[in-house]
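Produce the entire structure from the sequences given, and follow the hints as far as they go.
Protein chains in written order, with my numbering: chain G, 13 to 714; chain V, 13 to 714.
The set of hints was computed from the structure by calculation and includes no laboratory data.
Check before you lean on any hint, since a few could be wrong.
Copies of one chain are not kept apart here, so a pair can be met inside one copy or by any two copies together.
Claimed, not checked - Heads up, simulated BS3-like pairs for lysine-lysine below, C-alpha to C-alpha not over 30 Å straight-line:
{"#": "1", "residue 1": "Lys34", "residue 2": "Lys432"}
{"#": "2", "residue 1": "Lys132", "residue 2": "Lys623"}
{"#": "3", "residue 1": "Lys34", "residue 2": "Lys58"}
{"#": "4", "residue 1": "Lys468", "residue 2": "Lys215"}
{"#": "5", "residue 1": "Lys132", "residue 2": "Lys215"}
{"#": "6", "residue 1": "Lys215", "residue 2": "Lys51"}
{"#": "7", "residue 1": "Lys623", "residue 2": "Lys51"}
{"#": "8", "residue 1": "Lys481", "residue 2": "Lys710"}
{"#": "9", "residue 1": "Lys623", "residue 2": "Lys592"}
{"#": "10", "residue 1": "Lys710", "residue 2": "Lys100"}
{"#": "11", "residue 1": "Lys212", "residue 2": "Lys131"}
{"#": "12", "residue 1": "Lys212", "residue 2": "Lys545"}
{"#": "13", "residue 1": "Lys100", "residue 2": "Lys468"}
{"#": "14", "residue 1": "Lys708", "residue 2": "Lys51"}
Listed below are the residues making up each chain.
There are 2 protein chains.
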Amino acid sequence: MQRAFFNPQSVAVIGAAREPGKLGYGVVDNILRYGYCGKVYPINPKADEILGLPAYASILQVPGPVDTAVIVVPNRFVPQVMEECGQKGVRGAIIISAGFREAGIDGIRLEHQVMEIAKKHHIRVIGPNCLGVISTFTPLNASFAAGMPPRGGIAFMSQSGALCTAILDWALSQGIGFSHFVSLGNKADVNEADLLESWKDDKDARVIIVYMEGLNDGRRFIEIAREVTRIKPVIAVKSGNTAAGSRAVSSHTGSLAGSERAYEAAFRQTGVLRADSIEHLFDYSVAFAYQPPLRGRNIAIVTNAGGPGIMATDALEQGGLKLATFTSETIETLRPGLPAAANIYNPIDVIGDALADRYEHALKSALADPNVNGVLVILTPQVYTQVEETAEIIGRLAAGQDKPVIGCFMGEQRVGPGVKILNKHQIPNYTFPERAVGALRAMADYWESRQTEPPKYERFEVDQQTVRKVFDRVRSEGRLTLGDAESREIMQAYGLRIPRSILAKNVDEAIAAAESIGFPVVMKIASPDILHKSDIGGVRVNVRDSDQVRDLFDLLVYRAQRYMEDARIWGVLVQEMAPKGKEIIIGVNRDPQFGPLLMFGLGGIYVEVLKDVTFRIAPVSRQEASSMIEEIRAYHLLRGVRGEPPSDVQAIADTLLRISQMVMDFPEIVEMDINPLVVYETGKGAIAVDMRFVLKEKESEG
Amino acid sequence: MQRAFFNPQSVAVIGAAREPGKLGYGVVDNILRYGYCGKVYPINPKADEILGLPAYASILQVPGPVDTAVIVVPNRFVPQVMEECGQKGVRGAIIISAGFREAGIDGIRLEHQVMEIAKKHHIRVIGPNCLGVISTFTPLNASFAAGMPPRGGIAFMSQSGALCTAILDWALSQGIGFSHFVSLGNKADVNEADLLESWKDDKDARVIIVYMEGLNDGRRFIEIAREVTRIKPVIAVKSGNTAAGSRAVSSHTGSLAGSERAYEAAFRQTGVLRADSIEHLFDYSVAFAYQPPLRGRNIAIVTNAGGPGIMATDALEQGGLKLATFTSETIETLRPGLPAAANIYNPIDVIGDALADRYEHALKSALADPNVNGVLVILTPQVYTQVEETAEIIGRLAAGQDKPVIGCFMGEQRVGPGVKILNKHQIPNYTFPERAVGALRAMADYWESRQTEPPKYERFEVDQQTVRKVFDRVRSEGRLTLGDAESREIMQAYGLRIPRSILAKNVDEAIAAAESIGFPVVMKIASPDILHKSDIGGVRVNVRDSDQVRDLFDLLVYRAQRYMEDARIWGVLVQEMAPKGKEIIIGVNRDPQFGPLLMFGLGGIYVEVLKDVTFRIAPVSRQEASSMIEEIRAYHLLRGVRGEPPSDVQAIADTLLRISQMVMDFPEIVEMDINPLVVYETGKGAIAVDMRFVLKEKESEG
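Laid out in structure tokens, this is it:
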């Protein structure tokens, strides 16, 4: 990837043009204008020379080897051009040309054709339908963008080319520096995961930021993102979150938007930070690119104005950060250097008439305090405020520190020169306190997520063979849903506790079963054809004696037959009645991008009305299972309220882990749930009372 | 207020100075420099002339009348100066001088002294400890601010002077126009409510924005804000929301921060929009100042880029707005003017190579569609994009429309000239789609809140005399809490249903009572000294027969005596056992700023664990009571889930209204709750099973 796109020794522009204003001219111009040092070959059968370089009729006529081809010819010529690139030994093709998947059925076909050729010749492809690729340190601007961003620590990739142009235009005036700037286009080959992998060990890329609308291969993204976030922060904006937004995605780029819940889980499980807007994306990334890590949540604020200090404090608290509590040494140091009316506790208010020296004293003291993880310096341009001197002092004091210092010079005209100085010293500045705190919060979140251990997946000893046999039998019978007894068999094979249960084929067997289990019992009609047994009156709990068993056996069978005349009836299941406990629901759905998505919540109204549930992509580690349990709002109920004993969350976690293992072992499970899993007090475990399995249709075997 | 501060015919600056750099110089300079047309009198006993004007030793020596005095002398001279202002007949004093309430106990005393003088002479006061007052249309810049904002429709007031300086600095470069700009300082006299009232009918002020940390008189604010928001939008940033933020408030300005819940309720009940940051405050206010009202939630988007279109769509949906569905006429009109690949459904994607003419066609069609309430125009600077032409067209098409048009020209350098043109045409522009949508959402919220009827307060016929007698009796006995029987008496006086109940002084009376009520009954120890009866085992439900009554009578009395040897025991209360229903909690607390704060929620874990409750400031209208009930998350439970019948929400609303009336009638109730109020299915009402009242200590009578 490095050689193919970001650091090639030679670049051919296929479709290079002589006329300014044409894309094929713009690309060659950008390559030359922004100082690319390798060889550049314009390809155009109708030109001898373009921008002072000799032009070639075809890439095959280029004298030396070509690492990268930038393709700007009309879509219908792309297959042939790619074929020639293959013969020439090109490593990477940046296909700027449009008219592929985004343009309907013919475009999709054309894109497939192009990719066949690329694969045959082992050419990696960025695009088609993209703006191009910029690598500022090489330097190489292989795009038709109207400019070149300054060098800096941010590596940016975007699924939207238009967004690239807007961001470039904006970043140029903000002085935001990039290492890489890639427009991914249709992602026919190179996608987000590839670039993450490629930038993982690139020291120029200090922080990676992503604008995405949908992923092609969610599981690979997870795998790679998880590694990369251990080394450097990855921040993403994912759009198409809402139903209406997703419709807009599909109409525009043809990308399949995975469900929002799955993306949320994926970001959280991989440590990818999520920004809710492009503005926040850059707010965060500048802080990461410029400043050392924020190793905790304790922030000192230095301000020359009360109001903004309060606004920052509010924002800190709402964002889960804290005002640091200064040591007594810090207080002692602060006091003599500030006027009596100044607040020397956090936030340090150096008061409206503060000159730069008071800022110096306050910032130095705050940075020296071991209880402080980072400092936010707020400045409002008051009558005597020394904007530039203060900025210089902040820059000087922050240099070489292992704690981040963040600026909030509020205003524009008067504070402008100070902001420039901060920028020079790599101090990020935010016009308003809330945005500054937002950046600190992202830094703290990243630091914490990096401290967590990489997930370890436990494996329980289970009986896969039994499950395999059940599934095979079910499918051989042309079914996709499992009967009650089958579900029970599977749960047992995976070590999950279920109520004792005996299938009775007649009344006498039912009575004997109930007596051996012990009253009261539950009775359920046993039929593979009746899925929602309760709905037809096919389940009866709290059956208290043999007479009741006798009556109910007949009644349940009668009801089943009335419901479906030719239902296969295996008899009646007589079941231990699980004692009362807290009702839990655990479920799995298969997400098209990410695979099995595990859900956890409390049953009944908590899931149905309050939607108080949480998701993770399987497999999950024990830590992930625990955090699922702890993050629902109703978690308090499991910890025990009003004198109730706490519930056995360990047993819930075990259930989640075993289910996670099961759905990984058997990809044919497309849907399953346990509802309810009844959980008892700590140490007393949990029983899965009811479960439901749906299998995938068999892949066509022909 | 107009004449006293915003449109005076003459201004004296007391403490005017000859030396540039001094505040007393800056104020005179600002008044002159920014074109004030009235008379200006510098007051300084040591100067003959200041900035070309004759100076006077005292305001008493000024030849003509003086409407406004700007005071910048050191704090200790302010009382004398105010006394002279009074003699001179000054209407308004802007006290810029600091060293009052914010400076500790001596400052508080000095501020009181100054206000005594002001009241005696009927002088209104802004400040002390403020930046001053700017009125751009007069024009009058009676402040020491470093500049004068352009004229515009935004009237701004701020409790923080430093924030004023920052905002002024920022607004100048953004070209944001103001009608008024007031730094409120310590608010010794003029406060938020006064300015709202004064700006209510001022046509220059199209939108009023407020930065506040706390209010002095919450109820007056509510009353006035409610009127003003019917005429023009009021947007507030309230800081000091969190515990830590509030500490910062009190340490800085000495203002009492009311509880966050009360502010939230107040803003909602008055239609004041709340912004969560200064950035959003201005995002919203510019839209209100520039554009006609957004009369609905249906938005059309015109864009030349898919990605930003999706981002905007997501933001719309998350913000409760909708993509408008175009009429078939609009679709028919759109089609011929756009290329085949364009999306002619909403969002209208005019595609990356769109020139200004496509924007014109799309915007014109969208504006003409009756299903569209407002339009968002997104532009990314692509290769062929005509930034300035497009901006001109948007300005032209939006002019004279009764629907708002909002711009989102993304970028900075290339789109900058377009943004200037938009600004000239009063089209607000936002760099990113999320912020543009935020402004639209604020507009839609305002429109809706203005459509609601002003609250009408019902009055039920109640028996105030009984309540008065009970309270007097309780207080005369030196108690602040009410006994069970007393609480019941009050509930009945206010027409609230309670369980039938008979106080039994001995066993025989208890048995007779239970028989007349009918079994099962509840028995409760009756003692004014035992508040939490359940905790000591003093309550027994489900008492089934006379024998049980007999045993329990003795047991309850024994337990009460054991708990408190000298407890006054009135006997045992025998009560109808309310049938099962949904348990509701209704409570009132008195907020220091706003008075009685009414709470509603479902009882048990919903209030204790999930904190699923909602608040309003009393009195509440029927509509407000209904919205309280509907806005809790668990509202679904009251509507009936899983085949349950819906609960009698009418009865809950009635209870809320009666309680609201009760706490307004009797300000001595500082705390009360009904827990539980048991509510039955629709038409079957609700019964208040348990209640608790706490009265205020009697005001000292000496």
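Within, between, both or neither: lysine 34, lysine 432 at alpha-carbon 30 Å: So lysine 34 and lysine 432 pass the 30 Å test across copies only (28 Å; inside, 36 Å).
Homo-oligomer pair classification [lysine 545, lysine 212; C-alpha up to 30 Å]: neither (53 Å within a copy, 65 Å between copies)
Homomeric proximity label, lysine 215 with lysine 51: Cα distance no greater than 30 Å: Answer is within; shortest intra-copy Cα gap is 25 Å, inter-copy 67 Å.
Identical-chain pair category, lysine 132 with lysine 215, by Cα at 30 Å: Neither: 32 Å inside a chain and 72 Å across chains, both beyond 30 Å.
Intra/inter-copy verdict for lysine 623 and lysine 51 if alpha-carbon distance must be at most 30 Å: neither (59 Å within a copy, 67 Å between copies)
Lysine 710 and lysine 100: within-copy, between-copy, both or neither at 30 Å Cα: neither (44 Å within a copy, 97 Å between copies)
Status of lysine 58 relative to lysine 34 across identical chains (alpha carbons, at most 30 Å): within (15 Å within a copy, 73 Å between copies)
Status of lysine 215 relative to lysine 468 across identical chains (alpha carbons, at most 30 Å): The answer is within: 28 Å in one copy meets 30 Å, while 67 Å across copies does not.
Lysine 708 and lysine 51: within-copy, between-copy, both or neither at 30 Å Cα: neither (53 Å within a copy, 87 Å between copies)
Up to 30 Å CA-CA - lysine 592 versus lysine 623, copy category: Classified as both: same-chain Cα gap 23 Å, cross-chain 26 Å, threshold 30 Å.
Alpha-carbon proximity context of lysine 132 and lysine 623, limit 30 Å: Classified as neither: same-chain Cα gap 49 Å, cross-chain 61 Å, threshold 30 Å.
Intra/inter-copy verdict for lysine 212 and lysine 131 if alpha-carbon distance must be at most 30 Å: Answer is within: at 24 Å inside a copy they meet the 30 Å cutoff, but 70 Å across does not.
Hints 2, 5, 7, 10, 12, 13 and 14 from the earlier list are contradicted by this structure; the remaining hints agree with it.
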